[in-house]
Amino acid sequence: MSLVEVKDLVYIYGENTPFCKTALDHVFLTLEKGGIKAIIGHTGSGKSTLIQHLNALLTPNSGTVYFEGQNVNESKEVSYQIRFRVGLCFQYPEYQLFENTVYQDIAFGPKNMGLNEQQIDAAVQKAASYVGITPDLFQQSPFDLSGGQKRRIAMAGVMAMDPDLLILDEPTAGLDPRGRNQILSFIRDYKERSGKTVLIVSHSMDDVAECADEVIVVNDGKIAMQGSVREVFSRSEELSKMGLTVPETTRIIERLRAEGYDLPAGIFTVEQAAQAIYHFLKGGGAD
Amino acid sequence: MIKDITLGQYFPGNSPIHRLDPRSKLVLVFALLIIIFLCQNFFSLALITVFSVVCVLLSRIPFKTMMKGLKTIVFVILLTSILQIFYNHEGTILWQWHKIQITTGGVSMAIFITVRIICLIFVSSLLTYTTSPTLLTDGIERLLKPLKKIHIEPHTLAMMMTIALRFIPTLIEEVDHIMAAQKARGADLESGNLIKRAKALIPILIPLFVNSFRRAYDLAYAMECRCYRGGDGRTRMRIMKLSGVDFAAYAVCALLLAGVIVLNICFEAVI
Ligand SMILES: Nc1ncnc2c1ncn2[C@@H]1O[C@H](COP(=O)(O)OP(=O)(O)O)[C@@H](O)[C@H]1O
Ligand SMILES: [Mg+2]
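Those protein sequences? They're chains A and B, same order as listed.
So the first sequence is numbered by this note's numbering: it starts at 1 and just counts up by one.
So the second sequence is numbered by this note's numbering: it starts at 1001 and just counts up by one.
Hint data in this document are derived by calculation from the structure and do not stem from the laboratory.
Cβ atoms here follow ideal geometry from the backbone N, Cα and C, with glycine treated the same way.
Fair warning: there could be bad hints in the mix.
Claimed, not checked - With the Cβ distance kept under 7 Å, some of the chain B side facing chain A (calculated, not the full set):
#1 Gly1091
#2 Ile1093
#3 Ile1178
#4 Gly1192
#5 Lys1196
#6 Ala1198
#7 Ala1200
#8 Pro1203
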């Protein structure tokens, strides 16, 4: 059984008003268990709308969303319970913190799940460790911390529910390169340690190249492509028509290849590029 | 759901009503509200009703939109009408069941009050439908100028109002967003008793306040960076000047007032 199955999903904002907008237009999508998956698409393509259907925050105008075979909109109770299994962390989650202390804020989700004190404590400790929040910060007010720390606390708040699928909407938006690298490495780390499936939403191809195994391209409310990073990035012309560009590294290597340098195709990250160029300079040519 | 609130919605246009000076509009609407309350019988009320409808037609605001404004107060209208019908025992009895009776006096009072409320809503919503919030606050600022003598700054008040109006849609969007985020963590906003529901609002209200303060600071810095120092010595892009339309409107309203007074004197009062 697939982890997520979306069948013929249509969603219209402001239906029956002059401002109505079809955000999702007959979307079909299947996600298997495991790994890090990425949804990419330019701003306004419908990424955020799509993921809010996966945990039943939005109800489709038509179509069905299944999580592990269960229709997430079957009843109010199912829709409520599904939110603990599909953890959704919104864009700029740091603006949604509200508790007196870091600890209490992370504990909000587990508390709503009805866990007891001990279980809550274990969940908070574990979630905090995923994102590098040390226990000495637990009793501080989340509002006194730095922007990067706040975002990690908000992410921990969702991880603490121990969801089977963790969805992060634009987790690196508005961060400096260092903060971005840190968040991406925490996400990879989380996947390794928890073994859960992660779905990140991004419009940055570089982010996707760096951590995803599978890529889903959304364009104008439809799924345009789905496949491995290598498959999707090799269709760079189609991507650029959708307002997406392959990572800078890939473009540089492609340019070099066009100039006649004997470098391998399918390079997406700086590390891969460095390796390839090193080999080339040593005289090894393409391997 | 929360987005359905229509507050001071502005319909751009170029009708005579749109072209009125905002100060005139404010003064005239205030005057009209008083005139509506002066009506004492169906004849003067009819005059005012015709006038209100003509104004709406002149403004070219669709009637459907005006009706939408009424929807929010349908409850008030119904309640007052029902109270009038059952508690007013004047005139001849139309219908009786034990102690409950409906009389001609009750019915005519109910109609009178309903029509009056509708006129009030039409006239006052025309103001916000035909005047952009900026012009409106500008107009208020100019009208309140005399307050400067008692050390109240009309410019500050007007600026506060402009900012508040500007941020209402932003805040509504923000509330939607925060609600979704807390629901994603299992916040239950819909069930439980009153106390539980009030408590469930805390995760929404605290981020909303914190973010509003942050926004306020940002805005204040941005304004200071552009050398904003309050109203003293500021000039305006749009200089308000009364024109022919304004004088015509004042004249029409004066005639209307005279008409209402005459009709009140000539015919018997029902209220
Ligand atoms: N609350 C909303 N009301 C009306 N339209 C919306 C709303 N949220 C998003 N949209 C519209 O739906 C489309 C998809 O938006 P979204 O899913 O947020 O895109 P993305 O996350 O890919 O940037 C956009 O055109 C956007 O304008
Ligand atoms: Mg988005």
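Status of the hints after comparison with the structure:
1. Gly1091: violated (45 Å)
2. Ile1093: With a closest approach of 46 Å, the Ile1093(B) hint is violated.
3. Ile1178: holds (6 Å)
4. Gly1192: For Gly1192(B), the interface hint is violated, since the closest Cβ of chain A sits about 12 Å away, which is over 7 Å.
5. Lys1196: Lys1196(B) check fails; min Cβ-Cβ to chain A is 13 Å, beyond 7 Å.
6. Ala1198: Ala1198(B) check fails; min Cβ-Cβ to chain A is 15 Å, beyond 7 Å.
7. Ala1200: This hint is violated: Ala1200(B) lies away from chain A, its Cβ roughly 10 Å from the closest one there, beyond 7 Å.
8. Pro1203: holds (5 Å)
When each numbered hint is compared with the structure, violations occur for hints 1, 2, 4, 5, 6 and 7.
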